[in-house]
Amino acid sequence: MTDLTVNLPGMAMDNPVMTASGCFGFGKEYSQFYDLNTLGAITVKAVTAEPRSGNPPPRTAETNSGMLNAIGLQNPGMNKAVAADLPFLEDYDLPVLVNVAGNQQDDYVNVVDHLSRQAKLSAFELNISCPNVSCGGLQFGSDPESAYKLTKAVKNTTEHPIYVKLSPNVTDITEIARAVEEGGADGLSMINTVLGMKIDLQSSRPLLGNERGGLSGPAIKPIAVRMIYDVSQAVSIPIIGMGGVASADDVIELMLAGASAVAVGTANFADPYACPRIIGDLPARMHELGWKSAQDLTGRSWNHCKSPLSTLR
Amino acid sequence: MKTADFKVISHRQIADHIFQLILTGEEAANMTEPGQFVHVQIPGKTAPLLRRPLSIADAEPAAKQCTLIYRAEGPGTKQLAAAGEGDVVNLLGPLGNGFTSAPEQDGKAVLIGGGIGVPPLYYLAKRFAASGIALDIYLGFRTKGEVFLQKAFADLGQTTITTEDGSFGEKGYVTDQIKALRGNETFYACGPRPMLRAVQEAAESKAYLSLEERMACGVGACLSCVCESARSVNSPYVKICSDGPVFNSAEVKI
Chain A
1 MTDLTVNLPG
11 MAMDNPVMTA
21 SGCFGFGKEY
31 SQFYDLNTLG
41 AITVKAVTAE
51 PRSGNPPPRT
61 AETNSGMLNA
71 IGLQNPGMNK
81 AVAADLPFLE
91 DYDLPVLVNV
101 AGNQQDDYVN
111 VVDHLSRQAK
121 LSAFELNISC
131 PNVSCGGLQF
141 GSDPESAYKL
151 TKAVKNTTEH
161 PIYVKLSPNV
171 TDITEIARAV
181 EEGGADGLSM
191 INTVLGMKID
201 LQSSRPLLGN
211 ERGGLSGPAI
221 KPIAVRMIYD
231 VSQAVSIPII
241 GMGGVASADD
251 VIELMLAGAS
261 AVAVGTANFA
271 DPYACPRIIG
281 DLPARMHELG
291 WKSAQDLTGR
301 SWNHCKSPLS
311 TLR
Chain B
1001 MKTADFKVIS
1011 HRQIADHIFQ
1021 LILTGEEAAN
1031 MTEPGQFVHV
1041 QIPGKTAPLL
1051 RRPLSIADAE
1061 PAAKQCTLIY
1071 RAEGPGTKQL
1081 AAAGEGDVVN
1091 LLGPLGNGFT
1101 SAPEQDGKAV
1111 LIGGGIGVPP
1121 LYYLAKRFAA
1131 SGIALDIYLG
1141 FRTKGEVFLQ
1151 KAFADLGQTT
1161 ITTEDGSFGE
1171 KGYVTDQIKA
1181 LRGNETFYAC
1191 GPRPMLRAVQ
1201 EAAESKAYLS
1211 LEERMACGVG
1221 ACLSCVCESA
1231 RSVNSPYVKI
1241 CSDGPVFNSA
1251 EVKI
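Line order of the protein sequences matches chains A and B.
Going by the working numbering, the letters in the first sequence line up with residues 1 to 313, in that order.
Going by the working numbering, the letters in the second sequence line up with residues 1001 to 1254, in that order.
For the record, the hints were derived by calculation from the structure and aren't laboratory data.
Just so you know, even glycine gets a beta-carbon here, dropped at the ideal spot from N, CA and C.
Mixed in with the good hints, there may be bad ones.
[What the hints assert, rightly or not] With the Cβ distance kept under 8 angstroms, some of the chain B side facing chain A (calculated, not the full set):
| no. | residue |
| --- | --- |
| 1 | Thr1003 |
| 2 | Val1008 |
| 3 | Arg1071 |
| 4 | Asp1087 |
| 5 | Val1088 |
| 6 | Asn1097 |
| 7 | Phe1168 |
| 8 | Tyr1173 |
| 9 | Cys1217 |
Next comes chain A alone, as it looks inside the complex (with noise of 0.2 angstroms):
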């Protein structure tokens, strides 16, 4: 009997595979597909305080192996996320990750507060990553100072446990692991999606309407599995793998890179049941290779010993 159950802080998942930010909605579409329960858990589209109308088209350009998007973190502000759409959420039992984004310190304070007294969830997801939005976003990402002090001034808002979401778009990803760390977050969130852009042949100009945007799919997950693998040796705090995941042998790869849970994005929009069809192949697959706790998996690329098995190989 494979055990697929993994514990994050605020987070106690049935299995390891949840949803990524920015590719599920607030899960209303999905759930006319399959029932949400089956997932691990399920992060929302970024929340703001203010309404934001996102960028203007066209958002998204494939590309091989990926995809770029440029949507601009649309979402219809705190106020009406928590009236009308994290409500759908509560009759499903599932942990709910909500993400958060904003321009400044306080927008992300504003939004956590208000969230944190409104809304039925269970940890946030601070977006310090964003590549698509002019002002904000990154540039905490970016800034090992600024990513701490955000971190530290969020945790002293809420009770609820702080994931902060990574960007790949760093000299140096663990410096900013470190930092966030050390502001107290709960748990790391990586990679989000990397900076690309493509441009139209016939108008000569970039093809996105925000010229920019983020790559995402499988492409990225090399980057993802090598930037996991040396942030977890880094902090010890769990971190949610994402980038490119797209089956149940991704889900291994990057829980044995580091991750103790894994986010699928992209994989998503190609095929509408692909969360459920990664977690119903996982227990074969971990079976195959000789794994009986999605536990044990974590960081085992580098730490072959870290602890006795709980299980023999």
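Using the hints, position chain B against chain A.
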């Protein structure tokens, strides 16, 4: 809503770069609304990451058949063009909201299609013709070699073809033909943005426009395929995949 495997019954080229794909599958029983689309997974060993949104050109729900007509333009649709009889194609759909409004009583339906915007109008024309609604059909193409379905449309109503170079039918744009129209017509259009803008101006509020945009999820979750809303009550954008793809012309800024 679900994804389902369909089997290719026939697949042939019907004009320059234009292919007609006839499929059979259980889910075709739900393809009852002209103007909806399916999100097509390109078959093959190294398929592109994302599905391709293709309009439903025709469907026989009782016979569990549907027809897709598409232009083999990029790598994905060119790969789809290689699918042969008996091959399996996975579809997500039918998706979105189609043409749900009939013309006012005694009114005429004016169908305006441009290029690869023509296919969904065929299913609509069949539906209207079966209900005894008078049809005026205007179809625009770049050149003679790209003209398709002209005979099929001509069987259903008065059909005018335009080509930009005058090599077939009337020379010029399809929108030149509708400028003179005024009265109790209701417009139904699908085609390139400049064409839809011209229809929007000519028809004021009695027009239904089918829009196209780059899509990822196709079900309203990713917020990729948006269009500026003209009403802007809740959000400045509407989602083409799940709010549309067919909109009342007064709802959208194009």
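Structure-based check of each hint:
Given hint, B/Thr1003 at the interface with chain A, holds; its Cβ is 7 angstroms from that chain's nearest Cβ, closer than 8 angstroms. The criterion of a C-beta within 8 angstroms of any C-beta in chain A is not met by B/Val1008, whose closest approach is roughly 20 angstroms, and the hint is violated. Interface restraint check for B/Arg1071: the shortest CB-CB distance to chain A comes to about 15 angstroms, outside 8 angstroms, so the restraint is violated. Violation of the interface hint for B/Asp1087 is found here, the shortest Cβ-Cβ separation to chain A being roughly 19 angstroms, above the 8 angstroms cut-off.
Restraint check, B/Val1088 versus chain A: the minimum CB separation of about 15 angstroms is more than 8 angstroms; hint violated. Given hint, B/Asn1097 at the interface with chain A, is violated; its Cβ is 15 angstroms from that chain's nearest Cβ, farther than 8 angstroms. Look at B/Phe1168: its Cβ only gets to about 25 angstroms from chain A, farther than 8 angstroms, so that hint breaks. Contact between B/Tyr1173 and chain A, as hinted, is not supported at the beta carbon level, the nearest pair being about 19 angstroms apart and thus beyond 8 angstroms.
A cut of 8 angstroms between beta carbons decides the hint on B/Cys1217: the least distance to chain A is about 4 angstroms, and the hint holds.
The structure shown violates the earlier hints numbered 2, 3, 4, 5, 6, 7, 8.
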